[in-house]
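Protein chains in written order, with the working numbering: chain A, 1 to 298; chain B, 1 to 173.
Source of the hints: derived by calculation from the structure; they are not laboratory data. Worth double-checking, as some hints may not be accurate.
Calculated cross-link-like contacts (lysine to aspartate or glutamate; reagent style DMTMM-like; alpha-carbon spacing at most 20 Å) [stated by the list, open to error]: (1) 60(B) <-> 21(A); (2) 60(B) <-> 143(B); (3) 157(B) <-> 256(A); (4) 157(B) <-> 275(A); (5) 60(B) <-> 13(B); (6) 157(B) <-> 21(A); (7) 157(B) <-> 12(A); (8) 157(B) <-> 143(B); (9) 157(B) <-> 255(A); (10) 60(B) <-> 39(B); (11) 157(B) <-> 13(A); (12) 157(B) <-> 123(B).
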Amino acid sequence: MIGPRDPDRDIDDLLEDGGGEIGDLYRRLPRYEPPRRLDRAILGEAARAVHSGKPPRRQRWIVGVGSAAGLVLAAGIAWRIGNDAMHSPPVAPTESAPVMAPRVVPVEPITESARTRRDEPAPASSPMDSAAPAAPPPPTAVTGAVSKRAANEVDKARKSVELKAAPKPAPAQEPPPPLPEPQATRQAEAPAAFSSDAKEEQAKDKAASAERETGAAADGLFRHRAQQPAAGGALPQSTPSSSVELRRDMQLAPEEWLAHIHQLMRQGRRQQAAESLRLFMRAHPDWEISDDLRELQR
Amino acid sequence: MLAYVGGDLLAFEMLYRHHRRTLYRFLMQTLRHRADTDELFQDTWSRLIAARERYRPEAKFTTWLLQIAHNLIVDRFRRQRPQASEEETEAVFRKLDAPESDEPERALTEFEQRRRLQLALEDLPEEQRVAFLLRVESGLGLDEIATITGAGRETVKSRLRYALARIRARFAT
């Protein structure tokens with residue numbers, strides 16, 4: 001029977017394992033149970049908390065430290081690369097331009113001067129000769145697998161090539177010749193010119209005899225015809241080929257032609273002068289020539 | 001609990017099944033209102049889930065769970081009703097101190113005893129009721145109750161003593 005008792009005895013009974021008399025009575029009270037809906041709600045909330053993707057604090061700490069370490073590593077690599085770039089000779093992309101320049105083959109029509117130049121002994125080396133064997137690989141070919149020493153050797157070789165090739169681009173920048181005729185046409189034209197010259201000489205022989213017969217009118221006509229190219233005599237005389245020059249001489253008046261032959265002699269071009277004189281004698285067999293020309297004729 | 005913190009949902013379910021009745025009865029006896037009990041029961045578990053990363057294995061899980069529930073109860077009582085006054089408590093003890101011969105001895109049926117105990121619990125001041133319930137419902141000792149309630153060990157013992165006196169007073173009437 002629960003009733004008034006000594007409080008100290010009551011507390012001792014309550015703190016015993018069973019809770020004493022009052023503890024026994026309390027356990028006979030209705031046993032309340034949480035409703036099922038609360039169970040579902042709480043378990044669902046726990047599941048959402050786990051699957052929400054929000055990592056526990058320790059995992060977030062690890063992620064943070066990992067991210068920081070990655071940043072430090074990336075910064076170190078970037079700093080190292082920057083250091084290497086500062087201490088090593090720069091392999092700038094601008095270097096590729098001079099390296100590639102010798103590869104450009106200047107395409108120009110072959111003129112008579114070029115033909116004669118080709119017959120001359122070649123200078124040190126042509127652009128093609130210098131560029132082809134020493135053409136270094138493009139800078140992009142030097143990958144990370146190539147050692148630094150190999151890269152330096154490539155740089156040295158590239159510089160030597162540049163030194164050789166440096167004077168060579170100049171011919172490539174020459175202005176194109178004034179007569180950009182195709183080579184085949186000109187080569188085919190040259191023998192035709194000689195054959196037509198022969199026919200023309202024969203025709204001129206006949207014309208000259210007829211001229212002398214017909215008088216001054218015909219002579220003036222011939223002169224007019226012959227002076228037309230003379231008016232354009234500003235043709236380059238620096239390196240005309242013999243055939244071209246001879247053709248041009250035939251267009252001159254006899255006095256001018258002889259004067260030109262004298263000029264060739266003064267320039268020391270006796271062979272050219274002799275050929276021109278021989279042609280002159282064919283065109284004008286009756287023309288009186290001076291003694292020095294007669295000497296040249298021999 | 002550590003397993004659940006690591007992502008093991010089954011571990012939480014086992015914990016919940018083991019402690020759900022104890023917590024619910026503690027709340028029900030303390031609040032004496034089913035709706036409030038449901039609300040605080042769910043709130044207690046929600047707080048525990050949210051604070052799971054702060055759990056340390058040095059603490060007993062039951063103590064931690066009931067401490068969360070106790071804090072919510074304290075907040076609720078502070079908002080809802082005033083504490084029992086000192087005068088009311090002293091009146092109860094004056095009545096208890098009366099000689100046994102002066103009290104009518106009645107033979108009560110078991111149903112009546114349970115009813116009177118229920119009424120006595122409802123009339124207990126909050127601190128005394130919480131201490132009593134933590135002892136008889138959860139089986140905690142003085143030190144654990146002191147940890148949960150934030151009071152000293154002797155204070156807890158005094159609260160238990162006052163609670164027992166009030167309960168006996170209910171049976172004496």
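Could you grab the alpha-carbon distance between residue 60(B) and residue 143(B) and see if it respects the 20 Å cut-off?
holds (12 Å)
Residue 60(B) and residue 21(A) were given as a pair; does the straight-line alpha-carbon distance stay at or below 20 Å?
violated (28 Å)
Hey, residue 157(B) versus residue 255(A), does the alpha-carbon distance stay inside 20 Å?
Outside the cut-off at roughly 151 Å; violated.
Would the pair residue 157(B) and residue 123(B) pass a check requiring their Cα atoms to be no farther apart than 20 Å?
Holds: residue 157(B) and residue 123(B) sit about 19 Å apart, inside 20 Å.
Between residue 157(B) and residue 21(A), does the CA-CA distance stay at or below 20 Å?
holds (18 Å)
Given the hint that residue 60(B) pairs with residue 39(B), test it: the Cα-Cα distance must not exceed 20 Å.
violated (24 Å)
Has the given pair, residue 157(B) with residue 143(B), been kept, meaning a C-alpha gap of at most 20 Å?
At roughly 10 Å apart (the allowed maximum being 20 Å), residue 143(B) and residue 157(B) satisfy the hint.
Is the straight-line distance between the alpha-carbon of residue 60(B) and that of residue 13(B) 20 Å or less?
It holds: about 17 Å lies between the C-alpha atoms, which stays within 20 Å.
Within 20 Å, alpha carbon to alpha carbon, are residue 157(B) and residue 13(A)?
holds (12 Å)
Does residue 256(A) lie within 20 Å of residue 157(B) when you go C-alpha to C-alpha?
violated (147 Å)
Residue 157(B) and residue 275(A) were given as a pair; does the straight-line alpha-carbon distance stay at or below 20 Å?
violated (145 Å)
Restraint check for residue 157(B) with residue 12(A), where alpha carbons must lie at most 20 Å apart
With Cα atoms ~10 Å apart, residue 157(B) and residue 12(A) stay inside 20 Å; holds.
Checked against the numbered hints above, the structure breaks hints 1, 3, 4, 9, 10 and satisfies the rest.
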